[in-house]
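K.L.:
Given these sequences and hints, build the entire structure.
This is what each chain is made of:
Protein chains: 2
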Amino acid sequence: MPSTNLTFTHRDEHRAWLASQAALPAGFRVGCTRFKFTPHEAPKPAQMTLTLLALDEPTTAFAAMFTRNAFPGAPVLIGRQRLAEPKIGAVIINNKISNVCAPGGVDASEKICAATAQALGFTSAQILPSSTGVIGWRLPVEAMISELPAAARALAGGSILPAAEGIVTTDLYPKIRRAEVGAGSIVGIAKGAGMIEPNMATMLVYILTDIAVPRAELRPMLARAVDASFNAISVDSDTSTSDTVVALSSGRVPFNDWSTFERGLHQVCRDLAEDVVRNGEGVRHVIRVTVKNTASLGLARALGKAVVNGPLFKCAVAGNDPNVGRLIQAIGKYVGAHAPGTNLSKLSAHMGGVKIFADGVFQLDPTKESALVAHLKAAELYQSAPSPDGIFSAPIDFPPHERSVELEIDIGNGAASASVIGGDLTHEYISENADYRS
Amino acid sequence: MPSTNLTFTHRDEHRAWLASQAALPAGFRVGCTRFKFTPHEAPKPAQMTLTLLALDEPTTAFAAMFTRNAFPGAPVLIGRQRLAEPKIGAVIINNKISNVCAPGGVDASEKICAATAQALGFTSAQILPSSTGVIGWRLPVEAMISELPAAARALAGGSILPAAEGIVTTDLYPKIRRAEVGAGSIVGIAKGAGMIEPNMATMLVYILTDIAVPRAELRPMLARAVDASFNAISVDSDTSTSDTVVALSSGRVPFNDWSTFERGLHQVCRDLAEDVVRNGEGVRHVIRVTVKNTASLGLARALGKAVVNGPLFKCAVAGNDPNVGRLIQAIGKYVGAHAPGTNLSKLSAHMGGVKIFADGVFQLDPTKESALVAHLKAAELYQSAPSPDGIFSAPIDFPPHERSVELEIDIGNGAASASVIGGDLTHEYISENADYRS
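If you read the sequences in order, they're chains A and B.
Counting in our numbering, the first sequence runs from 1 upward without gaps.
Counting in our numbering, the second sequence runs from 1 upward without gaps.
Any given hint could turn out to be false.
Copies of the same chain look alike in the list, so a pair counts if it works inside one copy or between any two.
To be verified - Listed next, the in silico SDA-like pairs over lysine to any residue satisfying Cα-Cα at most 25 Å (straight line):
1) Lys377 / Ile391
2) Lys87 / Pro366
3) Lys355 / Thr38
4) Lys44 / Ala371
5) Lys377 / Ser387
6) Lys368 / His338
7) Lys368 / Phe37
8) Lys36 / His266
9) Lys368 / Ala183
10) Lys377 / Gly390
No wet-lab data here; the hints were simulated from the structure.
P.N.:
Laid out in structure tokens, this is it:
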């Protein structure tokens, strides 16, 4: 993947690169506003950012995919309805509260849509709402409505960076990816750091293009791109109730080479998906598993997920401990439970290019052990150290893109293959998530 | 479950209680020996305990169940063959190395069986081997064979406690449970702390009885007892490659009331299963989930497992944070991915007796929030604090049995129900598992 070739040594370098990627396609403006409020459910004041992604004119060319979690948030319920609408003119996004299974949640999101429509001169049905944050809390509807005109006044073309920054929660840095296509471009932003094993989508992703791609082309292309990108990552195996991927075209740039467009769309999605993992909560090692020669793509991806979701293997990676027994355990756990007929007798496995398993047995010796430890250490995104009161947090504000733990699992029994990207399981993940709301 | 009524305030009280449970059934002896060796794969010396469970005479009345992991250890491969043998006379168990996918693993285990048979005057085929510990390493066969006579010389009746202590690895304390049945008894011991989401079995469990229960009765009874106990727990969702449950009858006490025997067997299995979770690696809160009114027992248990295996919910519990949004997310993740037709509209949920969800929405207010925090705090097994160098370890050496986080999920759509027991996800788990082998 091209993104692993990026090397940054300081936050400012990363910021300069983000700025170089951020040019908004023609026909779009973004605006944000940030304000304090007191949630209904907790007496402590909190901060929310409202982010508006607006088209100059509503478009028929839009696509969206949503979480498969059986308790979707109110914005997801509304978003699914919006797919049948003739046009979409804007997306209104809030962080801090996800509006999932909260009393009156759908009504609250519809009120935000109505206020957004009024500020922009569109109709409510042309507004797509998105929310991310604490599950179960109610949106502060009145505060949001009174702040909406400020977000509308802030609308500006030029750069998508304010939106990439506005939608984050626990993210360490904003995420922007682009592809130039013909005389236009595809630009995507993502929010996502935890509760990341998307199914059909990742947390919040918005992809804007000025290429005039019709709705009927855009929707299946987005589905294929999501399948090969956001459906092939996992930070912690949890699936958000808010996962959303939206693609919008302003139609400003005529084009008709859809295979070129689709390549660009796939690249933007794959790069954003890797960014989400690389920014995953507590992730100190990015783990890239390529599973080769399986009977089906589904099995290849499932085995890759079994590896990156195995808690004990994730812990071993966190400790730079090449405990490859836990890797084989994770594969055997999946096959034993879900694919018991699979022939594993030809399985071979490599880590960092070192052969660790073949012919039914481990292929280990002290020299290989040292090489594996060196591979794991070289892939660390940062050094782990607690604060004096025992809290661990990631001491970085830019992503080291060039570092990954590389695993190759060859099943030797079929022609399908897949790559899955995940992360390790660290003290930083526990510190982040054992007291997230306080 | 009766075990939650046990209260200990000091290690010595727990030890005295264990001793009161430890009387060996007639016809059995146990013996252990501990020694140092240098593994083939790592230059550092290590320690191993050999534990021998011997019948005075080989018995036809034995049963065993093994892991469903598709990469089972050599002792599991041999154990499955032993099920067809006419008689079993002893079990030989080692910790430290699990003999899984190690070169020459089956041959190594057979050599240990042969040496055990020679020491006891039995045949090799009458010996059942068990191993637990690091996956992938080779057994130190010669060192084990030269130590075997010492274990045989140590054989003694009276107490099973030496065996309960001999089989452990990262366990904090030995685990013994018993049931009196007629004029005899059923006594079980368990080893298990991590890599615990058994499928058909938990790590290593040995159940001895002097009740004369025929093989044809014992095997289906063990299968049912394991299903309701070791298949309803999870520490970390990983499935060991060595999981084994063995039941042996010496046949000394005539009996024929199999429903009474089966009740005793279930009780011993359920109690040991809870002990394994309560001693789970890094577990600071035991979480008991009762899922009621589902369409099937399988769905009830799967939903319970989805809750106790949800990393973000586990982290919230670790932090005494009643983030019930993550609980609902975990249920929705499972249903969305694996049971999409399930009607969740009647779902209600309680934590610690407090209603948190009903009618499709959360039922939360600040008073309930305080009650939930109090429930979580009262269920803590110990206070968490790092050492000065940032390592977390459980500062207890006895199990606080009376403390659990209690969840009740009523699906309102069927007649099946199940209880599942699991634990939280803590810094202690990461410290234990990020550098296990060093």
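K.L.:
Return the numbers of the hints above that this structure violates; sort them in rising order.
P.N.:
Violated: hints 2, 6, 8 and 9.
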